[in-house]
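**Q** Those protein sequences? They're chains A and B, same order as listed. Each residue of the first sequence is one higher than the one before, counting from 1 in this note's numbering. Each residue of the second sequence is one higher than the one before, counting from 1 in this note's numbering.
These are computed hints drawn from the structure, not numbers from a lab. Keep in mind that the hints are not guaranteed to be accurate.
Calculated Cβ distances over 10 Å to all of chain A for the following chain B residues [what the hints assert, rightly or not]:
#1 Lys13
#2 Gly26
#3 Thr28
#4 Ile37
#5 Ala40
#6 Leu45
#7 Thr71
#8 Asp77
#9 Thr78
#10 Glu82
#11 Ser85
#12 Asp90
#13 Gly113
#14 Asn115
#15 Trp116
Quick list of in silico lysine-lysine cross-link-like pairs, PhoX-like style, CA-CA up to 25 Å [said to hold, decoys possible]:
#16 Lys19/B x Lys54/B
#17 Lys107/B x Lys46/A
#18 Lys46/A x Lys19/B
#19 Lys53/A x Lys106/A
#20 Lys54/B x Lys13/B
#21 Lys106/A x Lys46/A
#22 Lys102/B x Lys53/A
#23 Lys17/A x Lys53/A
#24 Lys107/B x Lys54/B
Since this is a predicted model, take the numbers as computed values, not measurements. Here a beta-carbon is modelled for each residue, glycine too, at the ideal position from N, C-alpha and C.
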Amino acid sequence: QSVLTQPPSVSAAPGQKVTISCSGGSNNIGANYVSWFQRLPRTAPKLLIYDSKNRPPGISDRFSGSRSGTSATLGISGLQPGDEADYYCGTWDSFLSSYVFGTGTKVTVL
Amino acid sequence: QVQLVQSGAEVKKPGASVKVSCQASGYTFIDYDINWIRQATGQGLEWLGWMNVKSGNTGNAQQFQGRVTMTRDTSIDTAYMELSSLRFEDTAIYYCARAPAKYCKKKGGCYGGYNWFDPWGQGTQVNV
Numbered sequence: 001q002s003v004l005t006q007p008p009s010v011s012a013a014p015g016q017k018v019t020i021s022c023s024g025g026s027n028n029i030g031a032n033y034v035s036w037f038q039r040l041p042r043t044a045p046k047l048l049i050y051d052s053k054n055r056p057p058g059i060s061d062r063f064s065g066s067r068s069g070t071s072a073t074l075g076i077s078g079l080q081p082g083d084e085a086d087y088y089c090g091t092w093d094s095f096l097s098s099y100v101f102g103t104g105t106k107v108t109v110l
Numbered sequence: 001q002v003q004l005v006q007s008g009a010e011v012k013k014p015g016a017s018v019k020v021s022c023q024a025s026g027y028t029f030i031d032y033d034i035n036w037i038r039q040a041t042g043q044g045l046e047w048l049g050w051m052n053v054k055s056g057n058t059g060n061a062q063q064f065q066g067r068v069t070m071t072r073d074t075s076i077d078t079a080y081m082e083l084s085s086l087r088f089e090d091t092a093i094y095y096c097a098r099a100p101a102k103y104c105k106k107k108g109g110c111y112g113g114y115n116w117f118d119p120w121g122q123g124t125q126v127n128v
């Protein structure tokens, strides 16, 4: 059972923006940085955002991250068909001494 | 470029063990940790544990306590994850992922969490 909660799905038309929420608690998101991962069909997950808001080299600036209190948000602007994927948040849980992932969100481009 | 290449698919019977390898290239192997994550079909990502490659110290998720063993061979830049007493519900794709190294005391434990996993291996399908 995941410690972090995400909406099961979000959708929007090409060019629009979607946001994905990730809700946790004081021992995980409230205390540690959040990462976001993209899992395209039949591929390994890829790091999109680290330290809650930073993009690794090569990641489009259409992807953005933020954290406030015990929640984090991933934004995807200028939605493209190639963005259709599952997105997961993740962070360290200081109480569990474990890394925890969100429940995952499927993004659909209408 | 930085890359993790995993071993091929495995088919095992319940009760058996499976050992997955993860060979690193493109960076100094001992300067980073390796984490293991799995994903069953239709399910989300599930973290199994971590290994500090330099010290060999490991830690794992509570639900895998006593069943998961993580090791490494620094002479060939390869990490291993062995899962024992396999159950049908262990059927999943298993991934290794590079992470920043924890701070580990010379004669003590390791401290801190992880801010990122990058890159991930291509995944190893394990069918039980």
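**Q** Could you work out which of the previously given hints the structure breaks and list their numbers from low to high?
**A** 4, 6, 13, 14, 15, 17 and 20
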